[in-house]
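Residue numbers in the sequence shown follow UniProt numbering, run continuously in steps of one, and reach 1021 at the last position.
Derived by calculation from the structure, the hints in this document are not laboratory data. Keep in mind that a hint or two might mislead.
[What the hints assert, rightly or not] Here are the simulated DSBU-like cross-link-like pairs (lysine-lysine), alpha carbons at most 30 Å apart as the crow flies: (1) 390 to 439; (2) 797 to 713; (3) 1008 to 899; (4) 694 to 795; (5) 414 to 130; (6) 439 to 414; (7) 773 to 797; (8) 903 to 177; (9) 696 to 795; (10) 696 to 522; (11) 696 to 797; (12) 723 to 696; (13) 38 to 104; (14) 782 to 812; (15) 965 to 285; (16) 773 to 812; (17) 849 to 823; (18) 795 to 723; (19) 439 to 400; (20) 899 to 175; (21) 797 to 694; (22) 437 to 390; (23) 1008 to 177; (24) 177 to 899; (25) 965 to 823; (26) 1008 to 130; (27) 414 to 437.
[To be verified] Distance ranges between label pairs, derived from CB positions: (28) 955 to 91: 54 to 64 Å; (29) 91 to 402: 42 to 52 Å; (30) 183 to 910: 18 to 28 Å; (31) 994 to 337: 54 to 64 Å.
Beta carbons are placed, not taken as given, at the ideal position from N, Cα and C, and that holds for glycine.
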Amino acid sequence: MLLPFGLTACGPTGDSLTDISVAPSAPAIFNYDVNGSKTKKLTFEIDNPGASANLTLLQGEQVLIDNLNIPRSGTQTLNALVHFQALGETRLQLRTINSPVTIKSLEIEDVPHVAVPQFKDISVVAGLDKVNSLKYGGPSVADIDQDGDYDFILNNHNAETSKIYWNNGDGTVTKHKDDLSRWFMQDLHGTALGDYDNDGDLDMLLSRGGGNGTNPSVSYFYRNNDSNFVRYTGDVGIDRGARGRGARFVDMDLDGDLDLMIVNETGLANQTPQHFFYENDGQGKFTYKAIAGIEDVRSSRTLVTDLNGDNIDDIIMYGPLSVWQGNGDFTYTDISDSIPINIRELSGVMAITDIDIDNDGDLDLYMARGKEFEHGKGESPSVDFDPIAKTFSLKTRGYKGVDEFSLTASGPLKWHNYQFLGQNGFRGQTYPIFLGKDKTVNDVPADGTLEFDNTMAQVWPDDISANGVYLGHIGNNKWRGALVRNGDFFWSYFFTLSGVEEAETLFEPENRSIQDVLLENKEGQFVDVTSQWNIPLGGNALGVTTGDFNNDGQQDLFVYRWGLVEKRISDLMLLNTGNGAFETVTMHGASDLGGPGFGDMGQAFDFDLDGNLDILSGSEYGQWYLYNNQPIGDNHYALVNVGYSPQDNVDAIGAQVTIETPSATYVKRVGSAGEVFSQSLLNIVHFGLGSEQKIKRIHVRWRNGETATFVDKQADNMFDTDKLDATALAINTQGLAPRSGDEIQLTAALAPLNAQQDVSWQSSHPSVANISKTGLLQVVGKAGESTTITATTNKGKMSDTAQITVSQWYEKPLEAIQLSAAKTNLIAGDELTLSASFTPENPDSDQLKWVSSVPQIATVDTNGNLHALTAGSVTVTAKAEANPSIQGSIDFDVQADVKPFIKIDNLAQFINQPVHAGDTFEVHVSYHAGPGHTVIAADEGGLRVWLRHFKYRWFPIEDRIETDKSVLYTVSGNSTATLSTQGLAPSDKLPEGQFYSLEVSFTNSNGKTFEDAIEEFILIE
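Take the sequences, apply the hints, and build the full model.
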């Protein structure tokens, strides 16, 4: 419908349209003259006769506003920002879906002061795998290898493995050599990253599901050994199984190391405790610790934050909501009454982020609310019908019931966008689609399609009692359909039918609109300011992240919308105006509009360290996306890389960073940018500074109270706490008596401890002594001559001088030799260079003769290069050529280069003399963990022998396991296990497809698992 009038905006308020009728099959079209600012705010007053609807604005084929939520019936006001590409006359189109609406008024006004960010999808260019998959509550983002940029973990649920990606520093990433899934369809959930052993790289907890509650699982703990993740679950003391959902590294007792919280779903029998807490003993182990109250909260989503600014982490549990104040002594106080009771009682809180909305230094809270992706028993199916696209889409909850609908289609139909996740006997099976009276069976797999017309589905069947989908043509282009479930068969089930001209359901579709909530922190009490701050109405949000996306100095929000059943819609960017309100933007480039899946969760962080926040997003049933923030405007930024504290080497988690500019003060806490099931460690802290180019002060406070400060800095730079400006500098000349011809390495002591080592050197009289840029002094003058050496920090703020006088010649004989090597436990074939240091330094003669005690085991050449040849012990000695009585030695142990293995030694016995069902039998095993490695517990507990009964390959019915813990931390040896077959049927009596296998396995300290097996182990009668 082309309206018989145009709309021209003029001035700050502009003009308005009134009483525009928009129906799903009849868009409204009107002309508009874009003048003034290209950025406009559109405000709609809408009357909706239906339960809910969505409103979209287009300019030709370009979407300007995507699917604004109209959450309820009646009159309501919506608004959003639009950025036009050009000024001048244009034609606009309004569309709606799921209900006709009347736009009682549309006002358009200039908004020149808000910079609207634009993002570009760089997923493919960066190197991400592009595959559709189930997600699990967002990624974990952190500088895992501590090389100065952000890496990340993409958390998938089961069919597609979770993955680690390393940032290459050039806009690309490299996938880690190992997947995190250990087998197909492994039930993986959230991850957490933190340096539990304080060795300078981040370790990982990977939580695991519990087989829908029937098989509680112990989460995996991975120690990071130089970017090789080794499962040390049992070795560090993680030993409790549950329905794992996520984990958090938190310093719960303020002793400087990271303790661990494992967050779980409620068990089928409501077991207690629900959540597990582990205390870090500082020696590489965790000890389980009960914490009254919080350990039994019936919630499985978590946000770690600091609500009262005391530098002690607090914990918000949600689904349902409760708030726990950390006391710093492994106890938590329930302060849930700081949240209004009506907010605490809200359901559907899917994600929370902390955010300082008003730059007052305390943390406020944004609660993203939506329909649970799973569960939702009692809810009606979600339905979308688009008569223009001719698509009818339905998502049912999958519990027992019948969902019926009727359609009109004059042509063929296509069944697609089809996904289902079975349970209770339907896992791995198709769900039949019956066509017509004859109920012609079509088995369509997930992701499959089915095309058919009325000739293939004539007449509605008389009986629709069996499980399946029924579709029948009943004449005159009319169709009936029904989804029949005689049990709770699906976690998720949805489809789209294309070619549909009219649609009607025999049920009231679920209204998916749920209102998000913004809570302002007012001296420790939280106040609902949702309406005051112009938070969009309704929605169906599963995630939220935060950051200053346009660098204007205000914290913005990015809200992940579940969207339509058929396709992805845009997520919402809420731009903080700094005037007590957010403005909504849908077209920012950081969404795969029309793509597969549904909005899930992500993190905002500066991937390429250009000062603009990028976004890593996941779509449930869709893909992972990395969106690069395209620079706009002239706003400025600062990045603060918070490393370890200078004195006690405390990691960055929970550190507070404060930046003061001439006009404002900004405070941020090192943590995640919103949390659901996973935890990030965003220690390269981003600040937008608006128009400010000068920074008065940057102050970093670690959780143990240590601090670091920068003063008088330029914006648009990164500031590293490991590279502070020096506040003191002193040249070390103690004991220095240089002679002509000496070469001496001078050093300068800088304060503070983590000051940037950027000293330059100068000599006032190079004819007496030259000095290099790195401080290597070459004495060339005569005895008695002097020069002044000056050391200056490269920024020129600190310097020191020392007078160097050439001494009379004196003898400086070698008195002692000390040898060192990178390692002393070697493997045959290793080569390394030994180092020698001397007492005193720079003796008159430092020529050495190198000798191996057993050259057959290891040789050493004249330059101290060692070559290990075979197993054994050897001593290498370096003797002074001028005085062979002066010598130094170092011992090495060389192991043979044995390939790790595990072997069933009596395998032939089982082949020649099969075991009788009901008998016990012994399994004899030999093993070797490989040179330099030992058997570790990992999550198996030791060397495992297991008899497995499979329903079919590879779905086990029962495992009978014996674990030998006596082999832990040994290199090689033998083991014997006794297994019983009592109650097992002979192999030839098993139902078709079932079989037994016998397997042996262990994991070594390099993280590799070694196995041997009899894949079909025969039991005879």
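30 Å limit on alpha-carbon distance, applied to hinted pair residue 1008 and residue 177: Holds: residue 1008 and residue 177 sit about 12 Å apart, inside 30 Å.
Are the Cα atoms of residue 696 and residue 522 separated by 30 Å or less? Roughly 27 Å separates the two Cα atoms, so the pair holds.
Keeping to a limit of 30 Å between CA atoms, is the pair of residue 439 and residue 414 held or broken? Holds: residue 439 and residue 414 sit about 17 Å apart, inside 30 Å.
Holds or violated: residue 1008 to residue 899, with C-alpha atoms at most 30 Å apart: With a Cα-Cα distance of about 12 Å, the restraint between residue 1008 and residue 899 holds, given a limit of 30 Å.
Given the hint that residue 696 pairs with residue 795, test it: the Cα-Cα distance must not exceed 30 Å. Measuring from Cα to Cα gives roughly 17 Å; hence the hint holds.
Checking one constraint from the list: CA of residue 1008 to CA of residue 130, max 30 Å. Satisfied? Measuring from Cα to Cα gives roughly 28 Å; hence the hint holds.
Check the hint pairing residue 782 with residue 812 against an upper bound of 30 Å on the C-alpha distance. Holds. Residue 782 to residue 812 sits at ~18 Å (cutoff 30 Å).
Take the C-alpha atoms of residue 849 and residue 823, compute the straight-line distance between them, and say whether it is at most 30 Å. The given pair, whose Cα atoms are some 21 Å apart, holds under the 30 Å limit.
Does residue 773 pair with residue 812 here, judged by a C-alpha cut-off of 30 Å? Distance of about 27 Å is within 30 Å: holds.
Quickly compare the C-alpha distance for residue 177 and residue 899 to 30 Å and report which way the hint goes. holds, 20 Å
Under the criterion that the straight-line Cα-Cα distance not exceed 30 Å, is the pair residue 965, residue 285 satisfied? holds, 18 Å
Need the status of pair residue 694, residue 795: alpha-carbon distance at most 30 Å? holds, 17 Å
Consistency with the previously given hints is maintained throughout, with no hint failing.
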